[in-house]
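Visitor: These are the residues of each chain, in order.
Number of protein chains: 2
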Amino acid sequence: MTSQQLSVKVAINSWRLVLERANKKFSNLTEDQLLREVAPGRNRLIYIWGHLTAIHDAMFPILGLGSRLHPELDNIFISSPDKTTQLLPAHEVKKCWEEVNGKLLSQFESLSADEWLLRHHAMSEEDYAKDPTRNRLAVLLSRTNHMSYHLGQVILAST
Amino acid sequence: MTSQQLSVKVAINSWRLVLERANKKFSNLTEDQLLREVAPGRNRLIYIWGHLTAIHDAMFPILGLGSRLHPELDNIFISSPDKTTQLLPAHEVKKCWEEVNGKLLSQFESLSADEWLLRHHAMSEEDYAKDPTRNRLAVLLSRTNHMSYHLGQVILAST
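Protein chains in written order, with our numbering: chain A, 1142 to 1300; chain B, 1142 to 1300.
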């Protein structure tokens, strides 16, 4: 394994570890528990679950891995704050979550180590030329941090 | 820049970005605000600030970067839950936080890209031989996730 392959493997492991924790947490909650707020007046667990699913789904085009599976989630879980629209039922969020994360992980493993250093698609060629750290690997780490951030909130309402 | 150097740079950037967010959040809080709980009955902001400082300080020996600056923080901010011991005053937590993170970042930049792939010191030689992903880079990503996790909680009490 080259150094670069090892580094990519470490980054994917880190994603997988946080994903497994989030998955375990969400999957063990009842429909009633999913309606709890993480703190008084804040997002409900079901909203955060859908929000993470939508953000992960958006990684397909950003990483150049094809089209989104569930673009319809954005309106509900990104553009609209919680408690302003009708959310999906928990079993549908769960289905999307599993589908999106399952496909993402298998796509991650199909990229070569050097492909992780290519520009991500929310960047122009010009900006990437100026700053080559704006690559797929940076997106992966950023989304792992994003998931960790919300996992820290989820724990407050689910333990 | 080699692929491996670029990957390490992306990982350090990710750490720095989360650190800057946390720093901005904590540094702008008054002493009174720092006594707020992130959710009813949960950790106070000052405790999380000290906890992150202690965990970051423990990275020096784990990464083979020398001795800890503030091992005395562990008793207060790791071994003891919040509200069971007398915490340090905010200005002292802030001083330790800045000192630890400033020194860590400068040490990060002194490591070569390949040194990031050497075993971390919480691992035995034997276990590292079996799994070379248990390296310094993995520690860096894990601690970045840990900081993101608590930052997600801090935001609930500070906005």
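I should point out that these hints are in silico values taken from the structure, not numbers from a laboratory. None of these values were measured; they are calculated from a predicted model. Any given hint might turn out to be false.
Unchecked claim - Pairwise CB distance ranges (calculated):
id, chain 1, residue 1, chain 2, residue 2, range
1, B, Glu-1267, A, Gln-1174, 18 to 28 Å
2, B, Glu-1266, A, Pro-1222, 45 to 55 Å
3, A, Ile-1219, B, Thr-1171, 25 to 35 Å
4, B, Glu-1266, A, Thr-1143, 42 to 52 Å
5, B, Lys-1236, A, Thr-1171, 27 to 37 Å
6, B, Glu-1266, A, Lys-1271, 35 to 45 Å
7, A, Lys-1244, B, Glu-1266, 43 to 53 Å
8, B, Gly-1207, A, Gln-1227, 19 to 29 Å
9, B, Leu-1246, A, Leu-1176, 16 to 26 Å
10, B, Met-1142, A, Asn-1164, 45 to 55 Å
11, A, His-1262, B, Leu-1259, 17 to 27 Å
12, B, Leu-1158, A, Ser-1220, 17 to 27 Å
13, A, Leu-1176, B, Glu-1266, 41 to 51 Å
Said to hold, decoys possible - Computed cross-link-like contacts, EDC-like style, restricted to lysine to aspartate or glutamate with a CA-CA straight-line distance of at most 16 Å:
id, chain 1, residue 1, chain 2, residue 2
14, B, Lys-1150, A, Asp-1255
15, B, Lys-1166, B, Glu-1178
16, A, Lys-1165, A, Asp-1255
17, B, Lys-1150, A, Glu-1239
18, B, Lys-1236, B, Asp-1255
19, A, Lys-1166, A, Glu-1239
20, A, Lys-1150, B, Asp-1215
21, A, Lys-1150, B, Asp-1255
22, A, Lys-1150, A, Asp-1255
23, A, Lys-1150, A, Glu-1256
As the list claims (entries may be wrong) - Some chain A residues near chain B, calculated using beta-carbon distances under 8 Å:
id, residue
24, Val-1151
25, Ala-1152
26, Asn-1154
27, Ser-1155
28, Arg-1183
29, Gln-1248
30, Leu-1252
31, His-1262
32, Met-1264
33, Ser-1265
34, Ala-1270
35, Pro-1273
36, Asn-1276
37, Thr-1285
38, Tyr-1290
We put the CB at the ideal spot given by N, CA and C, even for glycine.
Visitor: Take the hints in turn and mark each one as holding or not.
Guide: Hints, one by one, checked against the model:
no., hint, result
1, B:Glu-1267 with A:Gln-1174: 18 to 28 Å, "violated, 42 Å"
2, B:Glu-1266 with A:Pro-1222: 45 to 55 Å, "holds, 51 Å"
3, A:Ile-1219 with B:Thr-1171: 25 to 35 Å, "holds, 33 Å"
4, B:Glu-1266 with A:Thr-1143: 42 to 52 Å, "violated, 22 Å"
5, B:Lys-1236 with A:Thr-1171: 27 to 37 Å, "violated, 45 Å"
6, B:Glu-1266 with A:Lys-1271: 35 to 45 Å, "holds, 42 Å"
7, A:Lys-1244 with B:Glu-1266: 43 to 53 Å, "violated, 38 Å"
8, B:Gly-1207 with A:Gln-1227: 19 to 29 Å, "violated, 55 Å"
9, B:Leu-1246 with A:Leu-1176: 16 to 26 Å, "violated, 42 Å"
10, B:Met-1142 with A:Asn-1164: 45 to 55 Å, "violated, 36 Å"
11, A:His-1262 with B:Leu-1259: 17 to 27 Å, "violated, 34 Å"
12, B:Leu-1158 with A:Ser-1220: 17 to 27 Å, "holds, 24 Å"
13, A:Leu-1176 with B:Glu-1266: 41 to 51 Å, "holds, 50 Å"
14, B:Lys-1150 with A:Asp-1255, "holds, 15 Å"
15, B:Lys-1166 with B:Glu-1178, "holds, 15 Å"
16, A:Lys-1165 with A:Asp-1255, "violated, 32 Å"
17, B:Lys-1150 with A:Glu-1239, "violated, 31 Å"
18, B:Lys-1236 with B:Asp-1255, "violated, 32 Å"
19, A:Lys-1166 with A:Glu-1239, "holds, 13 Å"
20, A:Lys-1150 with B:Asp-1215, "violated, 31 Å"
21, A:Lys-1150 with B:Asp-1255, "holds, 15 Å"
22, A:Lys-1150 with A:Asp-1255, "holds, 12 Å"
23, A:Lys-1150 with A:Glu-1256, "holds, 13 Å"
24, Val-1151, "holds, 5 Å"
25, Ala-1152, "holds, 7 Å"
26, Asn-1154, "holds, 6 Å"
27, Ser-1155, "holds, 4 Å"
28, Arg-1183, "holds, 6 Å"
29, Gln-1248, "violated, 19 Å"
30, Leu-1252, "violated, 13 Å"
31, His-1262, "violated, 17 Å"
32, Met-1264, "violated, 13 Å"
33, Ser-1265, "violated, 18 Å"
34, Ala-1270, "violated, 13 Å"
35, Pro-1273, "holds, 6 Å"
36, Asn-1276, "holds, 7 Å"
37, Thr-1285, "holds, 6 Å"
38, Tyr-1290, "holds, 4 Å"
Going through the hint list in order, the structure does not satisfy hints 1, 4, 5, 7, 8, 9, 10, 11, 16, 17, 18, 20, 29, 30, 31, 32, 33 and 34.
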